[in-house]
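For what it's worth, our numbering labels the leading residue of the sequence shown as 6, then goes sequentially.
It should be emphasised that the hints constitute simulated quantities derived from the structure, not laboratory data.
Small disclaimer: the values here were computed from a predicted structure and weren't measured.
Please note: incorrect hints may appear among the correct ones.
Derived CB-CB ranges, DEER-like [to be verified]:
1) N48 with E15: 46 to 56 Å
2) M6 with K95: 57 to 67 Å
3) W45 with L78: 21 to 31 Å
4) N48 with R12: 51 to 61 Å
5) S75 with Q25: 50 to 60 Å
Every residue gets a Cβ at the ideal spot worked out from N, C-alpha and C, and that includes glycine.
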Amino acid sequence: MDPLEQRKRELLLESDLNRQILRLELDQLQMQLDRFRQHWLRNAWVWLAPAAGFLFARKLSRPAGFLAKSSALITLLTRLLELWLSSRSKSS
Numbered sequence: 006m007d008p009l010e011q012r013k014r015e016l017l018l019e020s021d022l023n024r025q026i027l028r029l030e031l032d033q034l035q036m037q038l039d040r041f042r043q044h045w046l047r048n049a050w051v052w053l054a055p056a057a058g059f060l061f062a063r064k065l066s067r068p069a070g071f072l073a074k075s076s077a078l079i080t081l082l083t084r085l086l087e088l089w090l091s092s093r094s095k096s097s
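Throw the hints in and build the complete structure from the sequences for me.
In structure tokens form, the structure reads like this:
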């Protein structure tokens with residue numbers, strides 16, 4: 006067999022192997038992305054429900070002053086920060 010033909014076959018085999026490895030890595034990346042989406046959607050309700058309840062309750066009540074609004078906002082932001090920190094510690 007000609008050395009050039011042998012080299013060509015080796016390169017084709019290497020190319021095929023690299024293509025399969027790339028396909029496997031892309032599949033693994035897709036699986037990780039799907040897991041991330043499922044995890045995020047599952048945990049989204051943890052903070053979406055209280056936020057929706059807060060916004061709905063604020064709409065039904067009469068308008069409050071600046072101090073009451075800022076106090077409620079600080080409380081909401083504190084709870085969101087606690088949820089975010091707890092979710093980060095669970096994932097670590």
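Hints and how they fare:
1. N48 with E15: 46 to 56 Å: holds, 49 Å
2. M6 with K95: 57 to 67 Å: Hint holds: Cβ distance 59 Å, inside 57 to 67 Å.
3. W45 with L78: 21 to 31 Å: holds, 25 Å
4. N48 with R12: 51 to 61 Å: Once the Cβ atoms are compared, 53 Å apart, the range 51 to 61 Å for R12 and N48 holds.
5. S75 with Q25: 50 to 60 Å: The hint (50 to 60 Å, Cβ to Cβ) holds, given that S75 and Q25 are roughly 59 Å apart.
Every hint, counting from the list given before, is met by this structure.
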